[in-house]
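Engineer: Each chain, written out:
2 protein chains.
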Amino acid sequence: MQRTPGLEIIPLIGLPEFTPDHSLATEIVRSLVGIAVDDGDVLAVTSKVVSKVEGCFVPASERAELIERDTVRVVARMRGPNASAIVENRLGVVAAAAGVDASNVAGDWVLALPEDPDASARRLANELRDALGIDLGIVITDTVGRPWRYGQTDIAIGSANVALYADERGGKDTAGKPLTVTQRCVADEIAAASDLVKGKTAGIPVALVRGLGEYVVPGTDQRARHINRDLELDLFSLGTQEAFEEGYRSALAAVAAGKVLDPRAE
Amino acid sequence: MQRTPGLEIIPLIGLPEFTPDHSLATEIVRSLVGIAVDDGDVLAVTSKVVSKVEGCFVPASERAELIERDTVRVVARMRGPNASAIVENRLGVVAAAAGVDASNVAGDWVLALPEDPDASARRLANELRDALGIDLGIVITDTVGRPWRYGQTDIAIGSANVALYADERGGKDTAGKPLTVTQRCVADEIAAASDLVKGKTAGIPVALVRGLGEYVVPGTDQRARHINRDLELDLFSLGTQEAFEEGYRSALAAVAAGKVLDPRAE
Numbered sequence: 140m141q142r143t144p145g146l147e148i149i150p151l152i153g154l155p156e157f158t159p160d161h162s163l164a165t166e167i168v169r170s171l172v173g174i175a176v177d178d179g180d181v182l183a184v185t186s187k188v189v190s191k192v193e194g195c196f197v198p199a200s201e202r203a204e205l206i207e208r209d210t211v212r213v214v215a216r217m218r219g220p221n222a223s224a225i226v227e228n229r230l231g232v233v234a235a236a237a238g239v240d241a242s243n244v245a246g247d248w249v250l251a252l253p254e255d256p257d258a259s260a261r262r263l264a265n266e267l268r269d270a271l272g273i274d275l276g277i278v279i280t281d282t283v284g285r286p287w288r289y290g291q292t293d294i295a296i297g298s299a300n301v302a303l304y305a306d307e308r309g310g311k312d313t314a315g316k317p318l319t320v321t322q323r324c325v326a327d328e329i330a331a332a333s334d335l336v337k338g339k340t341a342g343i344p345v346a347l348v349r350g351l352g353e354y355v356v357p358g359t360d361q362r363a364r365h366i367n368r369d370l371e372l373d374l375f376s377l378g379t380q381e382a383f384e385e386g387y388r389s390a391l392a393a394v395a396a397g398k399v400l401d402p403r404a405e
Numbered sequence: 140m141q142r143t144p145g146l147e148i149i150p151l152i153g154l155p156e157f158t159p160d161h162s163l164a165t166e167i168v169r170s171l172v173g174i175a176v177d178d179g180d181v182l183a184v185t186s187k188v189v190s191k192v193e194g195c196f197v198p199a200s201e202r203a204e205l206i207e208r209d210t211v212r213v214v215a216r217m218r219g220p221n222a223s224a225i226v227e228n229r230l231g232v233v234a235a236a237a238g239v240d241a242s243n244v245a246g247d248w249v250l251a252l253p254e255d256p257d258a259s260a261r262r263l264a265n266e267l268r269d270a271l272g273i274d275l276g277i278v279i280t281d282t283v284g285r286p287w288r289y290g291q292t293d294i295a296i297g298s299a300n301v302a303l304y305a306d307e308r309g310g311k312d313t314a315g316k317p318l319t320v321t322q323r324c325v326a327d328e329i330a331a332a333s334d335l336v337k338g339k340t341a342g343i344p345v346a347l348v349r350g351l352g353e354y355v356v357p358g359t360d361q362r363a364r365h366i367n368r369d370l371e372l373d374l375f376s377l378g379t380q381e382a383f384e385e386g387y388r389s390a391l392a393a394v395a396a397g398k399v400l401d402p403r404a405e
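Going down the list, the protein sequences come from chains A and B.
Residue numbering for the first sequence follows my numbering, starting at 140 and increasing by one per position.
Residue numbering for the second sequence follows my numbering, starting at 140 and increasing by one per position.
The set of hints was computed from the structure by calculation and includes no laboratory data.
Errors might be hidden in some of the hints.
Put simply, identical chains are the same to the list, so a pair is met inside one copy or across any two.
[As the list claims (entries may be wrong)] Below, simulated DMTMM-like cross-link-like pairs (lysine to aspartate or glutamate); rule was C-alpha separation at most 20 Å, straight line:
(1) 398 <-> 384
(2) 398 <-> 385
(3) 398 <-> 360
Modelling step: build the complete structure from the supplied sequences, incorporating the hints.
Structural biologist: Structure follows, in C-alpha cells:
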C-alpha cells in the first residue's frame, strides 16, 4: 500500500461510551472498518476508556480515599483552596491528585487509573492480533501537567509492541559528532501527538497513528512504566518548598543534637 | 480539497545544510513543491536551523561562556563529570546547558538558540504568506529533558499564528461536568508530534502538520514564550538538593541570628 512518507493520525469515530460490558478490542476493530491498518501502526488509547472497561469506578464520595490509596509519596503541595498534591502514584507517574480523574465520567463516580496499563496494552495488542492478524503498537495515554510549563500534555503510561525511545546514543549526528545524550522519548511523543486529534472533540478516546514502523517492535519487553525516572536519578524528587522545609528542619535537628556547634561557621 | 479527518505530519525533504546565506522561507517554499498546503497547516521548525540562518554560531572553545551568557538562573546541578546544570535560559525555558547545543553543527562551532524565536516565527510566517498567499502556523521547536521521565521530547520555544492551548476551562466534559483545569498545551504537542518525523532521520529539520485548522489563528498575540510558567507559580523552581541546602543554610542563619531560641521546639 502506498503511504505518505510521514505520519497520519486518525481519530477513531463512533466508539461507544465504554462500560465494563464492552470489549475494547471488539469496539476498536468495529471502528476501524474502512481504515487501512498495517504492521507499524500504533493505537493511542486514552487510559480513561481502559479504566472504564476494566471497571475502575469508585464512588465520588470516596475520591479522597482513592487518591490516598494510589499515592506512593507526596512530591509537592499546591497552595490554595481545593489544591491537590502532586504525587507519585502507584504506576510511578508523578501527577496531580495521583491521576484520579472525575472528568468525562457520568454520575457520581470517579475513575481510578487502570491497575496495570502495560498489561492492559499487552492484552489489547494480543486481542487485536487475534482479530486483525497484525501486530499493532499500543500506547495508553494519560494527561499530566509539567513543572516550568503551563498546560498539560499526554504521556504514555502503558505500552505494548512499542520501542519507547529513539535511542541515538552512541550514534553520530549529521556533522559526524558523537551523540552522547540524545534519547527521544518516542512513546511520550506518540501520546502527545495523538492528543491533537483526541483532544479536539470530546468522545474520541482512541487514535490510530500510521507510519511509525521503525518504532513498532512486536513482543518487545519495553514497557511505558520504565519511562518513569528512578527516584535516585531525579533532581526534582521533592518540590522546592518541601525540600527547603526539610533542609530547615534538618539543620535545626543538627543544632539541637549538638552536631552543629557554631551555626555561623557552617 | 478532501482531507483525512485527522492529521498528517509530512517531513520536508531536500532542505539544504543551512547557513546565514540561506533564506529559510525560500528553502521551505522550494521543498513544499508538490505538497498541498492550506490555511490551517502548521510548519514545525527545529530551532537549530533558525539559529543557523540567523548566524548564531559561537566558537566551540567559548561554549562555557555562551552557556553562562544565556543562563538567567541555575535551577539544579547534575552530578558527575561533564554534568551540565539545568538552568532557566534567556528565553525562559528550563533546559540543560541553557539549550546550547553542539550536535548537528559542523566544525568547531556550537549554536546559540535564536535571539527571539517568537520573532523568528513571525518573520517566517510573514515571508511564507508573501510567497504562498496563506497564513501558516509556525512552531519553532527545541529538545528538552523532563524531571520524572527519562528521555527528551520537543517543546515549542517560538510560535506565530498558533493558539497555544486547547483551553477547555469553563467548558463541560462529555458527562456534563465542568472542566476546571484542563488546558492542553497544543503548541508543545505539535512540537512533540513533529519530532516523530523529524527525529527519524537526520537532516529533516522541518515538518508540515496538516489538519490543525482550529488552532491556526492568524495574527494571534499568543507567543510560545508565554508557555513558560511564571517563577512564583512554579513548585519546582529549584532542584530538591539545592532547595534542601538553602533551607539548611537558612535555619543555621536563623539560629546564628538568635531568631531560633530553641531548635528542638521548632
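Engineer: Evaluate each hint against the coordinates.
Structural biologist: Evaluation of the provided hints:
For the identical chains of this complex, residue 398 and residue 384 are neighbours both inside a copy (19 Å) and across copies (16 Å), given an alpha-carbon limit of 20 Å. In this assembly of identical chains, the alpha carbons of residue 398 and residue 385 lie at most 20 Å apart whether taken from the same copy (17 Å) or from different copies (18 Å). Taking the closest pair of Cα atoms, residue 398 and residue 360 never come within 20 Å of each other, the shortest separation being 49 Å inside a single copy and 56 Å across copies.
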